[in-house]
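Peer 1: As a plain string of letters, each chain reads:
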Amino acid sequence: MREAEAEFRRALELDPKVPSAHLSLGLLSLRTGSLEDAQREFTAELVRHPDDPRAAYHLAFVQLAQQKPDLAVPLLLKVVALQPKYAEAHYSLGKVLLQQGKVKEAIEHLETATRLDSQKSYSHYQLARAYLRAGRTQEAQKEFATTHDLESKQKSSPSRDPEKMP
Amino acid sequence: MRIPALSSLFPLGVLILLPCATSQSPEEKETPSHFVDITDAAGITFRHISAPEKKYIVESIGGGVALFDYDNDGCLDIYFTNALTVDTANDPHASRSALYHNNCDGTFTDVTEKSGLAYPGWANGVVAADFDGDGYEDLYVTCLGHNHLYHNNGNGTFTDITEGAGVDDTRWSTGAAVADYDKDGNLDLFVSNYVDINLSKLPEFGKTKFCQYRGVPVQCGPKGLTGAGDSLFHNNGDGTFTNVSKKAGLSDPEGRFGLGAIWTDVDGDGWLDLFVANDATGNYLYRNNHDGTFSEMGLQAGVSLDEDGVPLGSMGVTVGDYLHNGQFGIFVTNFSGEHATLYRHDQPLFFTDVSYPSHVAPISTPYVGWGTSFFDYDNDGWPDLIAVNGHVYPQMENASVGTTYRQRALLFRNQRDGTFAEVAAESGPALMTPRVSRGLAIGDIDNDGYLDVVINNLDGKPAILRNDGASHGNWITIKTVGSGKNRDAIGARVKVVSGDFTEWDEVHAGGSYLSSNDLRLHYGLGKKTKIDLIEIHWPDGKTESVRNVSANNFLTIEEGKGITRTTPPSGKR
Chain A
1 MREAEAEFRR ALELDPKVPS AHLSLGLLSL RTGSLEDAQR EFTAELVRHP
51 DDPRAAYHLA FVQLAQQKPD LAVPLLLKVV ALQPKYAEAH YSLGKVLLQQ
101 GKVKEAIEHL ETATRLDSQK SYSHYQLARA YLRAGRTQEA QKEFATTHDL
151 ESKQKSSPSR DPEKMP
Chain B
1001 MRIPALSSLF PLGVLILLPC ATSQSPEEKE TPSHFVDITD AAGITFRHIS
1051 APEKKYIVES IGGGVALFDY DNDGCLDIYF TNALTVDTAN DPHASRSALY
1101 HNNCDGTFTD VTEKSGLAYP GWANGVVAAD FDGDGYEDLY VTCLGHNHLY
1151 HNNGNGTFTD ITEGAGVDDT RWSTGAAVAD YDKDGNLDLF VSNYVDINLS
1201 KLPEFGKTKF CQYRGVPVQC GPKGLTGAGD SLFHNNGDGT FTNVSKKAGL
1251 SDPEGRFGLG AIWTDVDGDG WLDLFVANDA TGNYLYRNNH DGTFSEMGLQ
1301 AGVSLDEDGV PLGSMGVTVG DYLHNGQFGI FVTNFSGEHA TLYRHDQPLF
1351 FTDVSYPSHV APISTPYVGW GTSFFDYDND GWPDLIAVNG HVYPQMENAS
1401 VGTTYRQRAL LFRNQRDGTF AEVAAESGPA LMTPRVSRGL AIGDIDNDGY
1451 LDVVINNLDG KPAILRNDGA SHGNWITIKT VGSGKNRDAI GARVKVVSGD
1501 FTEWDEVHAG GSYLSSNDLR LHYGLGKKTK IDLIEIHWPD GKTESVRNVS
1551 ANNFLTIEEG KGITRTTPPS GKR
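Chains as they are written, first to last, in my numbering: chain A, 1 to 166; chain B, 1001 to 1573.
Calculated directly from the structure, the hints in this document are not laboratory data.
Ideal placement from N, C-alpha and C gives every residue a C-beta, glycine not left out.
Any given hint could be a false lead.
Said to hold, decoys possible - Cβ-Cβ distance ranges computed for the label pairs, FRET-style: (1) A/100 / B/1087: 37 to 43 Å; (2) A/119 / B/1289: 46 to 52 Å; (3) B/1289 / A/101: 26 to 32 Å; (4) B/1566 / A/153: 54 to 60 Å; (5) A/153 / B/1398: 33 to 39 Å.
This is chain A alone, in the form it adopts within the complex (with noise of 0.2 Å):
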């Protein structure tokens, strides 16, 4: 990693545009484990490339992880009306918009996650929440039961290793 570091740095001095330099350096950082490193570095690239939708989701990514909501919210919206088929940007939007009691709009982007992967069942779950908070009983347990279906298949994956679950 440190070598893949070097050569990003080594790019950036070239030509301090270079496409994704910055990007690449913050998932570096995120895989040691440095939010603050990998803030700035997405934060850098997107002062280059504005409309960069990798380095907004992430970003986004990092501010959840600091329990910034208000701060990824924006972030989100921004990923989703440049990648409108981004069906993990919907769902994180959301999420977030139902953990912040904006569950119309958390109903929208769930339902558009949903659409355009109807096999994550952590998306049928968390519609399924929204349903519930919006009084949508019937709608809710349809989506839960969607969810059970999604995890009894995963019930006999292979190992209890998270990085090979779904």
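Following the hints, position chain B against chain A.
Peer 2: Just chain B now, with coordinates in the frame of chain A:
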């Protein structure tokens, strides 16, 4: 962007470097409570036995511990369960469980042989409760194979009455929890079962894709194995029980991998509900329908999975009023690479996974958590948390995959704002000692007003950690005595009010991981020296209040009689 997945991005162990904010005042920091390992000094020589290589999952589950006063002398005695191995499975005398009598002077005496509790077989869990209401605590021991109900004869001996009582379960039983779920005045028994295992057809170590962890060959399971259903035994009140699992809706036909279990009145309707921690599968929350049946609603309530809808490897469970709002949060210990989960009770039967915002998630990620309890270790008036840890794969010790086999305990100090700070390092080396821990029970073993910790460790000696509390917080301990056969008033909810302080607790038999805490309820009071109100909501529905009580005493409150005994602390500090 599922935040729990953050843990799998990082090498395990790195996350423990993340800072946890603390709001402790300098004054509080100067006087942390201190846990001292007194196992040897107390005369505890018990050793848990298991096959060291852990080639099979049956050898990793470990044992439990019960803190109970079997002879009613006012001091907590200790029972440790012990296990067999695949090689010794047919010889129940190959390992010995142990009962230690508390001499009330800081030492214990091994009274196992006389008690008749030495050889239950391949023992896992234990719960203490007075099933027949004769005033003496009985024991139920869960095993791989036949379980045992030991009747306390009141003279230091116990009689195995399992067969006549009808409470055997020959599967691989783990957790056990006792409560009067149908309000008929008799204590009923729930038993969780883990894996449907055949010792003559065990999956071979490391052989298949089901038996690898981070590229290292390990024991197989529970994934890839068939789960076992659970059991509910209804107490008929005549010394016999009836298995009502299917009728009640608690039989677990899906066969989830059941471990810790606890009865608690989740929705505050006066009827006890049941939470079951399931390994590698979603947890159960059974809501009591008031007619002898239950409705499973873990998913709907938000306590089955983590915040991202992922089932975790759940082991132990505890509930507590950690926010002082009368709504019990649920804390669950889980497998490494995941994190412990704290579910906050926001609305009736609607919980939110607050593991990350409460700060319990990041630091717990490298650990495999087991025994756990809410307990106010520093008597500041706010329930704290403890979780004991230890991996299931000894192969992790030298695997360099970011986790270890032996692991320290985690002590979370309640910061009074919904968050916790991990403070084990400030509380003496005893909690920082790496162990392969499993069962955990909390109780005031020296009656000094500070809650102590007893741990059953795999493959070795247990740990008796005396709490030499230095914060000098005031406290009150309440022993509830019911008027009927439920003598310990298991399931009673007790509210303690002192000025602006209000805290609820509940009498539990079972919980943690395979273990049984002191049945007495302990409340830290901080600087408050007087209690304005103690309000007891008895299991039979009656409510009783006592007022103007001095702190720093052990109270006995009998249903319909108020305080019948007040005892000052006697422990040596």
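Peer 1: For every hint, state whether the structure bears it out.
Peer 2: Do the hints match the structure? See the list:
Hint check: residue 100 of chain A to residue 1087 of chain B, Cβ distance near 56 Å, so the stated range 37 to 43 Å is violated. A hinted range of 46 to 52 Å is violated for the C-beta pair residue 119 of chain A and residue 1289 of chain B, which are about 34 Å apart. For residue 1289 of chain B and residue 101 of chain A, the hinted distance range of 26 to 32 Å is satisfied, since their beta carbons lie about 31 Å from each other. Residue 1566 of chain B and residue 153 of chain A have their C-beta atoms about 58 Å apart, which keeps the hinted 54 to 60 Å range intact.
The hinted range of 33 to 39 Å is satisfied by residue 153 of chain A and residue 1398 of chain B, whose Cβ atoms lie roughly 35 Å apart.
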